[in-house]
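Work out the full structure: start from the sequences and follow the hints.
Below, each chain spelled out in residue letters.
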Amino acid sequence: MTNIQHHVISHISDRIYGVAGYYSDNDSTQHVVVATYDGSLYEIHWNSTPLQPLRSGSGNSAGFTA
Amino acid sequence: MIVATEDGRLHELYFTTPQQVHPRSPLFQLPTTGPHIGMAGFYAPAGNGLRHATVGGADSILHEVVWSAQITPTVRNLATQFNLPDVAAIAGFYAQDNQSRDVIVAMQGGSVFDVHYSGAGGSTTDLVTTLSPPLVNVAAFVSTDSWYRHVIVLHSSGQLYDYSYTPQQVFGLTPLVSIANVVDIVGYYSAYDQMRHVILATHDGNIHEVYYGQLGR
Numbered sequence: 001m002t003n004i005q006h007h008v009i010s011h012i013s014d015r016i017y018g019v020a021g022y023y024s025d026n027d028s029t030q031h032v033v034v035a036t037y038d039g040s041l042y043e044i045h046w047n048s049t050p051l052q053p054l055r056s057g058s059g060n061s062a063g064f065t066a
Numbered sequence: 001m002i003v004a005t006e007d008g009r010l011h012e013l014y015f016t017t018p019q020q021v022h023p024r025s026p027l028f029q030l031p032t033t034g035p036h037i038g039m040a041g042f043y044a045p046a047g048n049g050l051r052h053a054t055v056g057g058a059d060s061i062l063h064e065v066v067w068s069a070q071i072t073p074t075v076r077n078l079a080t081q082f083n084l085p086d087v088a089a090i091a092g093f094y095a096q097d098n099q100s101r102d103v104i105v106a107m108q109g110g111s112v113f114d115v116h117y118s119g120a121g122g123s124t125t126d127l128v129t130t131l132s133p134p135l136v137n138v139a140a141f142v143s144t145d146s147w148y149r150h151v152i153v154l155h156s157s158g159q160l161y162d163y164s165y166t167p168q169q170v171f172g173l174t175p176l177v178s179i180a181n182v183v184d185i186v187g188y189y190s191a192y193d194q195m196r197h198v199i200l201a202t203h204d205g206n207i208h209e210v211y212y213g214q215l216g217r
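From first to last, the protein sequence lines stand for chains A and B.
Taking this note's numbering, the leading residue of the first sequence gets 1, the next gets one more, and so forth.
Taking this note's numbering, the leading residue of the second sequence gets 1, the next gets one more, and so forth.
Hints are supplied without guarantee of correctness; some may be wrong.
Chain A regions said to be covered by chain B (calculated; three or more residues, Cβ under 8 Å) [as the list claims (entries may be wrong)]:
hint: 1; segment: 2 to 14
hint: 2; segment: 28 to 41
In silico contact screen, one side only, chain A against chain B (beta carbon under 7 Å); selected entries [what the hints assert, rightly or not]:
hint: 3; residue: V19
hint: 4; residue: Y23
hint: 5; residue: D25
Rather than coming from a laboratory, the hints here were simulated on the basis of the structure.
Here a beta-carbon is modelled for each residue, glycine too, at the ideal position from N, C-alpha and C.
Right, dumping it as structure tokens:
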């Protein structure tokens, strides 16, 4: 039976429009990018414990590593 | 990071650290404007080295834009068309085992389609599964330890499901969790811990992580 874990990793104060996320293999890091209605993008990234969100820049978003 | 705005433009942000974000804005002007139903994005390293972003436009067409740092973005329309008001959401992934590019389209009525192609030719649309309606969102990724394709489907009740399959076999439907008031979802696989992750944002501002290992074990 698969063990399914669920927890809250962070909180964004502004109204959330959408979320994107990906894993970067080169540094074993998970990235979550949150877009808010005011046009901001926040990034949360971690490789063991989620860090506080950082505002990265400014809609519907999709993320990947290239 | 690719952002689609209602003026029909795609914008690219690329970075190695959040402190050094480089915009390419606009990356491309789509031949449609207005609210779109969703976007799928992925990188195809072994296939053609191109970035792919597929946008379900207000014109009910799936517009696929491909580009790289050296190649100017171009657009083509994927052959299968969906009626925009019937689509719940779209997602997508690149499957390295068969070099397939897949765009997953979840219909509000419960059907989930896989629009896929592996070469320069046209795309093929397969019905992945049909779930109890109404569906409200979808995410999709490949777990490279098993090569299962994971289609993560959110039902309007808040119940989240994983539907997994390979081109050869179907694992099937696994209920994950139930979370109310979800704004959006995304999913990915992390190779370092061999975990499948689904990230959910809820209206209260919380960012939830649901993660699990290989299904059935």
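Index of numbered hints that the structure contradicts, given in increasing order
none
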